[in-house]
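Protein chains in written order, with this note's numbering: chain F, 76 to 513; chain C, 76 to 513.
Each statement offered as a hint is correct.
For chains that are exact copies, the list does not tell them apart, and a pair is met inside one copy or across any two.
Pairs of lysine-lysine, DSSO-like flavour, derived with a Cα cap of 30 Å:
hint, residue 1, residue 2
1, K246, K137
2, K137, K223
3, K465, K345
4, K322, K187
5, K137, K81
6, K80, K220
7, K322, K282
8, K187, K282
It should be emphasised that the hints constitute simulated quantities derived from the structure, not laboratory data.
Only a predicted model underlies this, so the values are computations on that prediction, with no experimental measurement involved.
Each chain is listed here by its residues.
There are 2 protein chains.
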Amino acid sequence: MIAPKKFMLITLGEELLLGLTRNGHLTYIGDQLRQRGVTLHSNYTISDEGDDILDQFEFCWKRADVLITTGGLGPTVDDRTKEAVAEALGENLVFDDGVLDAIKERFERIGKPMSDNNRKQAFRPESAEIIPNSRGTAPGLWLNKGGKILIMLPGPPNELEPMFANQVIPKLEALQCIEDQENYLQLRTIGVGESQLETDFQPLFDKYEGLQVAYCAHQGQVDFRISYPGTENRMDQLLEIAETCKKQLGDQFLSLGHHSVSEVISNMLKARSKKLALAESCTGGLIANTFTDIPGSSEFFLGGIVSYNNNAKQDLLDVPEEMIQQHTEVSQEVAIAMASGAAEKFESDYALSVTGYAGPTGGTPENPVGTVYIGLHSPRGIWAKRFQWKASRASIKTRALNAALDLLRRELIAANISDADANLDIRKEAKSILRSLS
Amino acid sequence: MIAPKKFMLITLGEELLLGLTRNGHLTYIGDQLRQRGVTLHSNYTISDEGDDILDQFEFCWKRADVLITTGGLGPTVDDRTKEAVAEALGENLVFDDGVLDAIKERFERIGKPMSDNNRKQAFRPESAEIIPNSRGTAPGLWLNKGGKILIMLPGPPNELEPMFANQVIPKLEALQCIEDQENYLQLRTIGVGESQLETDFQPLFDKYEGLQVAYCAHQGQVDFRISYPGTENRMDQLLEIAETCKKQLGDQFLSLGHHSVSEVISNMLKARSKKLALAESCTGGLIANTFTDIPGSSEFFLGGIVSYNNNAKQDLLDVPEEMIQQHTEVSQEVAIAMASGAAEKFESDYALSVTGYAGPTGGTPENPVGTVYIGLHSPRGIWAKRFQWKASRASIKTRALNAALDLLRRELIAANISDADANLDIRKEAKSILRSLS
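So that you can see chain F by itself, here it is in the shape it has in the complex:
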């Protein structure tokens, strides 16, 4: 067992604090480290003010074994990270001719003139090593000092991510700062609340000494992670506990590991060679986008129609005009006709449809904003279900997505898909997760 190192992350950028950009670096780096048995200790988001960078750097440098910074390496005057870090470490900034050459070469390759301010990016603290940047002008920096490691990465995600995966991770591996698998086992559940879940499972967890459990609830779904912190890897024991939980959960069990509902459905459909089509009104392409985020989705996903107005519902999905007049476009009848139309047009086995009022305006007294009908065409029949939420437009779209996916998932389970077909064997699934990480 490798002695666990304390990893800390400083993300620089006023745009994060102003709510203009999401902190994607935290998600990406946290995820990468998690897959290698490391839980990031903490993340500090601060602005580009020189004094604040200095203060925060000194605070973290005292406490961390491995400190990662992102951002502030760009060419403009508000990029001050290197200056602040050099000052804190008592180092000079030296000019690196190799870096300048790489920047010049990059500009030549893309056929644009180099601005003079790009020269700034060729400076580095004297004891820092360069991490070449294949996607941009700012190189990363690696520095060993007093038994600690400092890793400075550029801000743009398309530069940071390949640099981290291809250059930083192998170096951390070589230094035995990271492991080759997760320490956790995560179980995802759907359709059961957080407090109910704890009530149901705490008696089981209490039987295992040293077992740690963490819950995380998000929009109709609750995940829980089990681990034995501070011990050697006890994955076999964790898998045994997971097996018990899965049996107890029944169809409220979603997945082991990090598979989303759409991935679980994707695996089920692929295992059965079944095809899916969509007819989306108020979700407006969100469900199609979710499925097409999955690599290889063309194996089971045929396509969809975003019928945002009634003509499209009639012309492209063959929803009868009289039906819309009689029941309105937000009704059980239209949801069923849309699902049926999509299945026919795409010649699919399954089809999901969504029609509703996402708001903020619209709706009727019987079907106010937040009312959504979800239709499902399956080889076993066709039906629709009514939902109602009091939430923002974005949240109603997300909830309708989750509800539609869960409706399809439960139908796929009910349609007698055996465990083996659906790839639900927990040990097999876990092994394939572990293999994909190694």
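Since the structure of chain F is provided, determine the placement of chain C on it from the hints.
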């Protein structure tokens, strides 16, 4: 001018550090405060470990005027925020009968039994005031002590967001901790690099003493924000500078404020009463989803076809089978036929189409993964453009989205849409932004 207060935010949750969930609280709270003239000073993301909470709370409580915490108020054993905070403040936790009654009532209303662990949520530090939670069981807490304010909010976004907007913001307003408008002016540009932008504009900015400029680059788009930090509001001066920048930028100027490309297009289309349709292959619904995120998008967006397989391209968009055989489905010809088919099926004025290889597998020697053709049907003609990116599947989808939107935006500008129609008058736009915030 109100003396600026230092706002700090602690976001609790191991799931953030493990990269399992995005830090949406930072984005939401940062955005809300920015709209009211406050730049969040810093954000600390830590796990639910009691000792870490205590350390971080003491660090922040010394430095902040207003400290906000999110998460850790749930019913389960790993929710420890109140305990740690009470210890740091030297307060007892007292049981609040009113809170228990509200929780009981909530469970009755939704017709589920209350778990015993929910009783935990009725405890509060003795000097804390309750902020009622209309969407969940964990109330928020408000505490004034030693001239400082502590605001503790529950983790689930659908509980936190209405609580913050409807209860916390009005209290902060009444205490004059926030203002009624932004201190910044943001200009968004498209098609010009960050270093080029600084080279072009720094001479202009240097003329204005005390002016602060910050740049933020993201996937083909660079924003810059101008402000006079530490002075009274000088919005008139900022608008004058913005006007000069806009003229110099020409069609590289995207918007003033925070409007995205899709919102800019939406305003242009609505002003001209023109309609849009889509035919998406490799973006798989992403463009439709982006437009339908805009409230009122049904005014200009008719719908789209996600033609993920070739049958759908032929049957639903009338792309000739021979064309696909001769040129493959990823070609200029097919992109044009898709745009044309979408315009016809939906009877739209404009239609965008996207066909390409998002990867990670697929592609041909001539058109490797990352090759994307974007077609545009406009009343002035129909054409397609080839793009190629070396990036991840998700990033290729996003870049194709941005490229498609910018193609349409430039066509709408070129199609002689006057400034007045397109709502590009900078003062009018700024006034409407400011009005929407008041």
